[in-house]
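Asker: Protein chains in written order, with this note's numbering: chain S, 1 to 97; chain V, 1 to 92; chain F, 1 to 312.
Because the hints were derived from the structure by calculation, they are not lab data. Treat the numbers as computed from the prediction; the structure is a model and nothing was measured. Every residue gets a Cβ at the ideal spot worked out from N, C-alpha and C, and that includes glycine. A few of these clues could be false.
[Claimed, not checked] Example chain V residues on the side facing chain S (calculated, C-beta under 7 Å, incomplete):
1) S8
2) F11
3) M15
4) L18
5) G19
6) D31
7) M33
8) M34
9) V44
10) A45
11) L48
12) L68
13) A70
14) S74
15) V78
These are the residues of each chain, in order.
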Amino acid sequence: MNLVLNILTVCAVSAGAFFFMAGTIGLLRFPDALTRLHALTKADNLGLGLIILGVLLRVAEPLIALKLVSVWLLVQLSGAIVTQLIAGVVRQRGLNA
Amino acid sequence: MANFLFGSAAFVLAMVALGLFRILFGPTEADRMMAAQLVGTGGVAVLLLMAVATETPPIVDVALMLALLAAFVSITFVKGAFGSKIENPRRP
Amino acid sequence: MTVAFAFEVGLAALLVAIAAWAIAVRNAFTAVVVFVVYGLLLAIVWVTLSAIDLALTEAAIGSGLTGALLLGAAARLRPTETPSTAECPSAILRLAAALLSATVAAALAAGVLFLPDPTPTLAPAAAANAAATGLGNPITNVLMAFRAMDTMLEKVVLLLALVGAWSIASDRLSGERSDPRRQADPDGVLAFFARLLPPVGIVVGIYILWVGADHPGGAFQAGTILAAMWLLVLMAGLTVAPPMSCRWLRLILVAGPVVFLVVGLGGLWMGAAFLAYPPAFAKPLILAIEVAMTLTIAVTLGLLAGAPEREW
Numbered sequence: 001m002n003l004v005l006n007i008l009t010v011c012a013v014s015a016g017a018f019f020f021m022a023g024t025i026g027l028l029r030f031p032d033a034l035t036r037l038h039a040l041t042k043a044d045n046l047g048l049g050l051i052i053l054g055v056l057l058r059v060a061e062p063l064i065a066l067k068l069v070s071v072w073l074l075v076q077l078s079g080a081i082v083t084q085l086i087a088g089v090v091r092q093r094g095l096n097a
Numbered sequence: 001m002a003n004f005l006f007g008s009a010a011f012v013l014a015m016v017a018l019g020l021f022r023i024l025f026g027p028t029e030a031d032r033m034m035a036a037q038l039v040g041t042g043g044v045a046v047l048l049l050m051a052v053a054t055e056t057p058p059i060v061d062v063a064l065m066l067a068l069l070a071a072f073v074s075i076t077f078v079k080g081a082f083g084s085k086i087e088n089p090r091r092p
Numbered sequence: 001m002t003v004a005f006a007f008e009v010g011l012a013a014l015l016v017a018i019a020a021w022a023i024a025v026r027n028a029f030t031a032v033v034v035f036v037v038y039g040l041l042l043a044i045v046w047v048t049l050s051a052i053d054l055a056l057t058e059a060a061i062g063s064g065l066t067g068a069l070l071l072g073a074a075a076r077l078r079p080t081e082t083p084s085t086a087e088c089p090s091a092i093l094r095l096a097a098a099l100l101s102a103t104v105a106a107a108l109a110a111g112v113l114f115l116p117d118p119t120p121t122l123a124p125a126a127a128a129n130a131a132a133t134g135l136g137n138p139i140t141n142v143l144m145a146f147r148a149m150d151t152m153l154e155k156v157v158l159l160l161a162l163v164g165a166w167s168i169a170s171d172r173l174s175g176e177r178s179d180p181r182r183q184a185d186p187d188g189v190l191a192f193f194a195r196l197l198p199p200v201g202i203v204v205g206i207y208i209l210w211v212g213a214d215h216p217g218g219a220f221q222a223g224t225i226l227a228a229m230w231l232l233v234l235m236a237g238l239t240v241a242p243p244m245s246c247r248w249l250r251l252i253l254v255a256g257p258v259v260f261l262v263v264g265l266g267g268l269w270m271g272a273a274f275l276a277y278p279p280a281f282a283k284p285l286i287l288a289i290e291v292a293m294t295l296t297i298a299v300t301l302g303l304l305a306g307a308p309e310r311e312w
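Please construct the entire structure, taking both the sequences and the accompanying hints into account.
Answerer: Structure follows, in structure tokens:
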């Protein structure tokens, strides 16, 4: 049982780290601010979600599990809000301001 | 397992560093506004990995606080960039 | 070289690079963002050094309030930015500043690296006397019991800082403020965020205050979270900052230090010493002081970092 949990954790955390890398590659390679915004919030959030999934398998108490899920929800919420706001700035100022 | 988790934390930190240097050098001001969000998401990931690697539950509280407040700098920046006409200048 | 050590070295290198960047960059807004990033990375450093209470405070202040405060200041200085970047300090002045900074950094590094072994510390004494208050968190014990005088004076200093800021502000702001609700979009994204997040933030703030008794946390971090939530609501334009002349505002501002002072004088009156807690009531008294302090800190920090009174 322990071995299965360990393997699952390793898989989930590795997948999460992979998506973080994908997000960073997007940040480095995408041509303008709006696409970079996508890479930042979507890919990194998915990476964080997978990492939290892997970490969830190792916690003992339900309170900590609740905190972990709230952390993920909060980061998603703030990511969504920040995306909308920054996109509004880009829309008003044009893509190369 | 602890070594693996620390290694993943180091990897995520390296990705955040790479991303930081890109968007802080970025041409538009909108890029700068993303920096806090990037460090917020990456920082939360690093903190949670460390919390499990060192088996210290209070670090999850730090991650919770970071998740709660990470958006603030971006919001303040956007608010200043816009002034009063902050969103949808045209409504249908 | 273990993985943890490599991680810490990488983190330290990144921190130095970001710090150098914050100094080198020309644009004020970028500098503030880089500085906030530096603060958030510093929070991770505190965690690697096992200073969780410090990490909590750094994450709270460094992300929310520092950003708002410095960006507001940068916006206010925008008219002067062009002439001030035109005048560059002379090379000798910059060299002197660099030498001074390097000397201070070297002195600090030497102080840390050449600590006597075993390091002189009061930590065992503080941990051994934890039974005096019944609280499990040694940091809270030190802050609220063993060095309570320092904490009380810090709150008074915070109040004085706000009074100082108010006395410099222009007179037209001491009465009614112009209503920013006209400018905010009530259906917009920011208003939605400002309605959704504060309840969560308040719950987290109360949780951090409560858990500070036995685990990392405490009044200051909780007050900062509440201040940040208030700032969010102000920035979204859902409410107006109360004017300086408001009666209940002033009551909350002095509540923290006053409760502290009353408890301290009570200890003196009962014959023991200033700020001595009777052992049976130590925990409820400390909790009462912390609740009052949290409210005071929240309102003070919110007003200090406050929403700009006019557009940038």
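Asker: Of the hints stated earlier, which fail here?
Answerer: The structure conflicts with no hint, since it agrees with every one listed earlier.
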